[in-house]
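Chemist: The lines below spell out each chain.
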Amino acid sequence: MPLSDVAVTLREVSRRYGHRPVLQDVSLDIGFGEVVLLMGKNGAGKTTLLRLIAGLARPNSGSIERFGSVGMVAHHSMLYDALTASQNLAFFARLHGLPSGRVVHAALERVGLAAVHDQAIATFSRGMLQRLAIARALLPEPEILLLDEPLSGLDDTGTTLVTDMLKALRDRGCAVVIASHQITELLPLGTRVGYLVRGRLETPEVLTNKTPAEVLDRYRAAVARER
Amino acid sequence: MSASTFVRASLAVAAKDLAIEWKTKTAFVSSMVFAVLVLAVLYFARDPTSVATIDVAPGALWVTFTFAAMVGLNRAFLLERENRAMDGLLLTPAPPTAIFVGKVLGNLVFVGVVELASVPLFILFYDLPIGAQLPELLLVMVMATVAFVAVGTLLSAMVVRTRFSEMMLPVLLLPFLVPPVVGAVQLTARILLDRPLSELAGWLKLLAAFDLVFLTLSILLFEATLEE
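Sequence order for the protein chains is A and B.
So that you can map any letter, position 138 of the first sequence is 138 in this note's numbering, and since no number is skipped, the others follow by simple counting.
So that you can map any letter, position 109 of the second sequence is 1109 in this note's numbering, and since no number is skipped, the others follow by simple counting.
If we strip away everything but chain B, and leave its shape as in the complex, we get (with noise of 0.2 angstroms):
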């Protein structure tokens, strides 16, 4: 198959699964409710007499990103189980590949959707000034997210076919984030303290290295999902 063909068929399977969300809304309105949810949460819990916002405001963050994720990732096979979509897919001469790259594509627009509708409310909530930060957050932004849709999609295809796969994903997903959250954690505490380039620098090669690594195992490791 030419490389062609397989971006044709990568993206074909993408712009299938944003257009179910699209027609559904179901994932993306439980994403931002959960994401307004645990924003608010954190906030009240907090008591601003001795805690900082800067303390807790890059913490809130990315719990709320990580686990609104979630549920869209938990949801990317959930489809393909429906009326065993997954074995017309396997059917084309699509690559296994080709359709593990356009579900994590389609991810990654799912939750980088999410992730900005809760920037703003993120901002509201904590009052921070980063209009000048923001292209450095959302490098951050970019950059963690790649790192936890890659495993997280991978895990979705592993546990799709058990009975439980809803709770199974959060069980498995979470130890492989802890790496790249925490990276995101730091950087986006740096960035919001407005620290030079340098101090970043170190994190940002740490989330490249997990970006690499997470998305050439989950490719590597995909075909053995499909195994009954």
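If we strip away everything but chain A, and leave its shape as in the complex, we get (with noise of 0.2 angstroms):
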């Protein structure tokens, strides 16, 4: 990949908590335009990944380096309960540079959120928080994106409206990394799929015309292998 291309590089990459290791020695290149799709069971080491890569914690040894802003959807939603739609994006606006009142209409608007937007989120089920948390993530327009479990919770409207968007990035050129295990839907965005292991990555393979069949047999022959 030629180096301009390249959105993220991991090098090495080792993280531990106390004695115990989560990942071990992830090396990975990411391009820009890409999409890669982390598979791996629960405690692989995917979140801790996916929060190197964001810069919200450190490798204990390896070096990651990111070319890019980046922007991030994980488990929580990373916004405020007693704030409304609108006051949560205009808050997250402000921080980056952003004016607040017609970015934050439109991307609520982006989300099918526009409707709700004077409601507390207390208020919201977890698919409108998951999509309100996509919304933020994606207001400074990130060139690399990252995604925990992005459809978790979502409607097939919802699961349809975040496919689509992550798409058009794709195509606009940003680089996603998403660990799922809903592979079936995300497959046809992804570019290339990693198996995280025990917290070991095997080198991401490139999906083309591969059937989500043929993606899981893949991943537990690597889990098999691990063993």
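Hints in this document: simulated from the structure, not taken from any laboratory.
Here the structure is a predicted model, which means the values were calculated and not measured.
Just so it is clear, CB atoms sit at the ideal spot from N, CA and C, and this is done for glycine as well.
Take the hints with a grain of salt, since some may be wrong.
[Said to hold, decoys possible] According to the in silico footprint, chain B covers these stretches of chain A (three or more CB under 8 angstroms from chain B):
#1 52-66
#2 78-87
#3 91-98
[As the list claims (entries may be wrong)] A short list of chain A residues far from chain B (calculated; beta carbon distances all over 10 angstroms):
#4 R20
#5 D29
#6 T157
#7 L189
[To be verified] Simulated restraints on C-beta separations:
#8 D25(A) / V1213(B): 41 to 47 angstroms
#9 L1011(B) / R172(A): 31 to 37 angstroms
#10 T123(A) / V1029(B): 18 to 24 angstroms
#11 H19(A) / L1217(B): 29 to 35 angstroms
#12 L1138(B) / T157(A): 52 to 58 angstroms
#13 A1224(B) / S125(A): 36 to 42 angstroms
#14 R1081(B) / G112(A): 25 to 31 angstroms
#15 L1078(B) / S125(A): 47 to 53 angstroms
Assembling the complex is the task here: the two chains are given apart, and the hints tell you how they should meet.
Modeler: Quick look at the structure:
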């Protein structure tokens, strides 16, 4: 991959919590316009890997370089329950140095929440919170987008809306990393898939004409090899 | 990042914290209930025939302020723990120092409001004619509050990830509060006795030194509290 196309570079990244190793010697290049899917069981290190790429945690060894601004959608919404949807987005827009009014309205329209802009998000369903979290992450139009289970809690309409948005981001040249178990819905978006097993990442393989069943078989084989 | 962007980020964080408090009023109500209780208990515990008001009032005032403020300080970073909002802040271009300064500003306003709302109760309970001394008393309140809000905000950030953060904060914070609170009590006593300014100067300088040291150290150390 030419250097100018690289959005994120990880070199032999390891991370442990206490004495427990969570990630071991992970090396990966992610290019602009790529969607890398990360598969792995609970506790395999997917969330830790995304947090390291985002810069929210530091590796114990190895290096990570980012060549663009980062947005992230995680398990938690990173929003304030007492504030309304508009107030939450306006606050983050201000921190990004964006003019809050128009940008916030456009972001809420984009995720289908404009009608409930003045409701406190404490009243939102899991799916609505997830949409708002995605709107927050996309406010500054990041060049690198990290998503941890982005379809969690979403209904069919929400799933279609988010997958369409991710497709548009990929086509725009955004580097996207998605950790998810919902491989069937996300596979058509992906350019590569990586299997994370016990903190080790198998070199992600290119997804060309692969069916979900084939990807799952490869994943199971990777798990079996690590045993 | 330019100075104006830094200030904008700090003000946004402070305004957000205050907007949340305005909506929920949880910390304010708790602090005020606490302030009324402390003032009432200390008032009724005193035997007015053997202890003069002026001997008790300064200590009562600052015990009230200190513990009432602690309720608000505790909440400062608990807000960011809910839904891991702190991660959201750290993903923005706002530098951690600007976030901390915003938190300190928000806490200063909160604690200031609690203190101002407690002063009339203090005057009522202790029947002190402090109209003429009010500007000097306000100066002491501002100076002491800056010191304990700075260190309180830092410690709030430190303990927020611990399991018993609400219990840990007072344990860690109280030793740091002793110097500024002692200074504030000494100054308040002298102000209430209408002593000359020359008698206040030494303690005022000491409070100013605490402000400078606590603010500087808190700003320098805040980033270390964010490490996982």
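Chemist: Against this structure, judge whether each hint is valid.
Modeler: Hint by hint, here is what the structure shows:
1. 52-66: Coverage by chain B holds here, the residue count being 5 at a Cβ distance below 8 angstroms.
2. 78-87: holds (count 7)
3. 91-98: holds (count 6)
4. R20: holds (14 angstroms)
5. D29: holds (22 angstroms)
6. T157: Answer for T157(A): holds, closest chain B Cβ roughly 24 angstroms.
7. L189: Holds, because the least Cβ-Cβ distance between L189(A) and chain B comes to about 22 angstroms, which exceeds 10 angstroms.
8. D25(A) / V1213(B): 41 to 47 angstroms: At 44 angstroms between Cβs, range holds.
9. L1011(B) / R172(A): 31 to 37 angstroms: holds (33 angstroms)
10. T123(A) / V1029(B): 18 to 24 angstroms: holds (22 angstroms)
11. H19(A) / L1217(B): 29 to 35 angstroms: Hint holds: Cβ distance 32 angstroms, inside 29 to 35 angstroms.
12. L1138(B) / T157(A): 52 to 58 angstroms: holds (57 angstroms)
13. A1224(B) / S125(A): 36 to 42 angstroms: Roughly 38 angstroms apart at Cβ, these two residues keep to the hinted range, so it holds.
14. R1081(B) / G112(A): 25 to 31 angstroms: holds (29 angstroms)
15. L1078(B) / S125(A): 47 to 53 angstroms: violated (24 angstroms)
Hint 15 alone, counting from the list given before, is not met by this structure.
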